[in-house]
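Asker: Spelled out from the first residue to the last, the chains are:
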Amino acid sequence: MSWDITWVLWLNDFIAQSERLFLWALFLSDRVPWVLSSLTLVALWFARRQAGEQVQEFHDRDPVYRQRIRVFSVGLGALLAFIVARPMAYYWNRPRPFLVMPIKAPIDPQIWAEIMRILGSDGAFPSDHTAFWGAITAGVFLTSPWWGIVALIATAFFAAVRVALGYHYPTDMIAGFFIGVFCVLLVYGFRHKLRWLFDPWLLLFNHQPAWAYALSLMVLLDITQRMTWFFGIMATAFGLNFPR
Amino acid sequence: MTWLEYVDTWLLVWFNRWIGHSPETFSSALKISNRAPWILAAALLTWLWFSGDEGWVPFRTTYTRWMARRRVLSILAALVAGFGLARVAQTIVPRPRPFNVVALQVPIVPSVWDKIRASMATQGAFPSDHAVMFFIIVLGLGSLSRKGGAPALVGALFFSALRVGLGFHWPSDMLGGAVIGAIALGLVVLVERVWPQPWDWVIALFYRLPAIAYPVGFLLLFDLSQKFAGLFGLVVQVLGHDVAH
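Chains as they are written, first to last, in our numbering: chain A, 1 to 244; chain B, 1001 to 1245.
Honestly, I wouldn't trust all of these hints.
[Stated by the list, open to error] Covered stretches of chain A (chain B as the covering partner; in silico rule of three or more C-beta atoms under 8 Å from a C-beta of chain B):
hint, region
1, 30-39
2, 204-213
3, 217-231
Calculated directly from the structure, the hints in this document are not laboratory data. Glycine included, C-beta positions come from ideal geometry on N, C-alpha and C.
All chains should be built: construct the whole structure from the sequences, respecting the hints.
Answerer: Right, dumping it as C-alpha cells:
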C-alpha cells in the first residue's frame, strides 16, 4: 500500500531533521511508553475507589470490584494480544521498513547498525508494542471515555514515533492496536466466566495486601523493563525465546 | 598499616576469594549487586506501605497501617538526607576504591572490568551509598517489625559482602554507610515523632486522591529501582554539571 510507505518516509523525514530530534525519538520509543503503561495500570487500579482499599463485595455492585476486574481484564487481554501477535508476526514475516526503505538515521552508524541487528530478525506485522498499548487504551476507555481519548492520543503518538524510526509500517501499528483492543474486550466480555481466575487474586489483595502489592510492583517494574524478567523466565523455564 | 586497614584488607581479600573463584560467580555477583538491591528496596517499601493493621489499634501485628506508612515516608526522607550526608562525607574523606589499591581476583574480560572501574572513577569509596540505603531500610523496617527486619538485615549483609568482594568498597565503607544511614533515619524519625503533620498530610492524599497519589508513588519507587537515575538526571539539569551516583 503506497500510503503505508508514504507515511513512513514522511514521518522519518520529520524526525531525521536533526540528530537531537532523532535521539529523542529513540528515547521515546524505548522505555517511556512502558513506564507510562505501568503508571496507567496503577491509576486504573486505584480509580473509582470510594472507600477503603479493599473489595467489599465480590459482585458488580461493588465499584472497587468492578474497577479491579477491568484492570485484570487489561492484564489478561494484553497477554492474550501478545500471544496472538507473536505467531502472526512469525507467519507474515514482513520485513521492517528500515530493511527495505531508505530510512534516514542521523546518529552514530554503529548505534543504528546495532538497533537494526537487534530488531531486523523480527517480523514487522503486527506490532506487539501497540497490541499492548491498545489493551491499556481499551482499559482506560472502559473506565473513563475522556481519559480514553487521552490514552488514544498517547498511543497514536508513540506508534507514530516507531513508524518514524522505520521499525514499523502504519498498518502494523493499526493491526496491533486492534488486536489489543479486541483481546481486552473479549476478556472483559467473558469476565463473569473468568471469576474463578480473577477472584482468588482479589482475595489475595484483601487478605495479604502487603505481599500482593509487593508482587504487583515487581510485575509493573517488569513492564517498565519491557518484560525482561518475564521473557527471561519463559526462556529459562520453557525454552521459549521471543525476539523483542 | 593501621589495625583498621589490616582488618579492612583481610576481610576484603577473604570476600574477594569467595566471589572471584570463578568467572560465573563473579559475573553473577556483578549482576546481583547492581540493580537487585534497589528493586528489592522498592518491593520492601511497598510491602511495608500495605502492612500493619487497618484502623487505630493494632490487633494482629504490633503496628497500624498508618504507622507503617509514616515509617515508609520517613525512610524515603532519610534516603535523601542519607545520600546528601554520604556525598558530603565523600568530599571530606577522599578514599580510593579497593580495586585501585589491592590486587584482586577478577576472572572476567579485562575490557568489561575496565568499563566498570571507569564508571566508578569519579566517586570515592567512603562511605558506601548502597550501605546507606540498605541500613536505612533495615532499620526502618526493623523498628516496626522484627520479623520483617531480620530477613532484610540478612539481605543487607549479603549485598554488602558482595560489594566488598567485588572490590567496590572496603568493609569500613559499608560500616560508615550504615552509621550515616542510622543517623539520617534517626533524625527523620525524631522529626516524625515531634511533628507528624506533614507525614499525615501526605498519607491522607493517598486516601483522598488515590488515582493520582499512587501513580506518583509508583514513579518514585520506579526511580528508586533505577538507582535514582531520574532524580540525579533532574539534579544534573538544575546544577548544570554531572553528579556521580
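Asker: For each hint, tell me whether it holds in the structure or not.
Answerer: Here is what the structure says about each hint:
Proximity of the region 30-39 of chain A to chain B, defined as three or more residues with a beta carbon under 8 Å from a beta carbon of that chain, is established by the 3 residues found. By the rule of at least three residues with a Cβ nearer than 8 Å to a Cβ of chain B, the coverage given for the region 204-213 of chain A holds, with 5 such residues. Residues of the region 217-231 of chain A lying with their CB closer than 8 Å to a CB of chain B number 5, which satisfies the three-residue condition for coverage.
Going down the numbered hints, you'll see the structure goes against none, and every one checks out.
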